[in-house]
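Trainee: Sequence:
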Amino acid sequence: MFRDLSRPIETGMPTYPGDPDVTLAPDATHETDGYATSELRTGTHAGTHVDAPRHTIPGSETVDELGVGSFAFDARLVDLRPLEPREAIEPGALPEPTALGAEVDLLVLRTGWASHWGTDRYRDHPYLTAAAAERCRAAGVAVGLDTFGPDPTPSAGGDADPPSNARGDEPDGTPAHNVLLGDSLPIVENLCELDDLPTRFRLSAFPLRLRDGDGSPVRAVAEWEGRTGDT
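Heads up: the sequence shown runs through residues 313 to 543, numbered per this note's numbering.
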């Protein structure tokens with residue numbers, strides 16, 4: 313069976329705060345030109361995408377320098393629900409490295425935040441502590457998430473409207489990114505349609521071959537044998 317786990321790329325779609333807006337508009341049309349083409353303007357981290365090490369680690373590998381096999385994963389789904397807004401995910405919430413086995417090379421973390429896509433609440437997603445990211449690094453597994461990323465995202469709330477359950481001990485910068493990308497472990501972000509997936513599946517998340525690319529949108533597709541929800 314196959315399932316598309318990626319967000320449609322469309323004009324006005326949500327983007328990480330400060331990233332370029334996405335526009336997809338007609339260029340040539342059947343009515344005027346006899347054929348159709350479109351113009352796409354997007355950042356490299358729009359929608360469902362993969363982070364290459366160059367994203368946060370200067371001088372490290374880019375999308376086009378990583379082997380294509382780096383984006384075909386033997387995945388294990390980890391259901392972390394229920395989680396509070398901006399809750400820190402600690403190492404104990406993740407499988408022990410010794411329990412994963414050599415065949416698992418990606419943990420897909422289901423936080424439940426995919427249901428908030430398109431709202432300000434999506435920014436208030438849970439995040440990995442650096443120690444939790446270190447557990448993944450020690451196991452040699454990449455990470456996929458149904459959020460903007462493994463580190464906290466700036467909230468849409470201001471002083472007059474603080475975000476629900478905002479915490480004052482959130483880390484600065486991108487420590488979880490740095491742990492994973494520093495060991496050449498890609499990160500797949502903004503996944504969706506994770507409900508009823510089996511515990512084990514294959515995930516393909518092939519990026520565009522962008523020269524010196526720090527990331528790229530992907531078509532993330534899960535594949536497994538049997539019926540939906542089989543483990």
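One thing to keep in mind: the hints can contain errors.
[To be verified] So the derived label-pair ranges between C-beta atoms look like this:
{"hint": "1", "residue 1": "Ala443", "residue 2": "Ser516", "range": "38 to 44 Å"}
{"hint": "2", "residue 1": "Pro403", "residue 2": "Tyr347", "range": "50 to 56 Å"}
{"hint": "3", "residue 1": "His342", "residue 2": "Pro394", "range": "47 to 53 Å"}
{"hint": "4", "residue 1": "Asp345", "residue 2": "Ala411", "range": "54 to 60 Å"}
{"hint": "5", "residue 1": "Arg514", "residue 2": "Asp391", "range": "14 to 20 Å"}
If you're looking for bench data, these hints aren't it; they were derived computationally from the structure.
Just so it is clear, CB atoms sit at the ideal spot from N, CA and C, and this is done for glycine as well.
Trainee: Now, for every hint given, state plainly whether the structure supports it.
Mentor: Evaluation of the provided hints:
1. At about 30 Å, the beta-carbon gap between Ala443 and Ser516 misses the expected band of 38 to 44 Å.
2. A hinted range of 50 to 56 Å for the beta carbons of Pro403 and Tyr347 is consistent with their spacing of about 54 Å.
3. The beta-carbon spacing between His342 and Pro394, approximately 49 Å, falls within the hinted interval of 47 to 53 Å.
4. Taking the beta carbon of each, Asp345 and Ala411 are about 57 Å apart, inside 54 to 60 Å as hinted.
5. Distance hint check for Arg514 and Asp391: the Cβ-Cβ separation is about 18 Å, which falls inside the suggested range of 14 to 20 Å.
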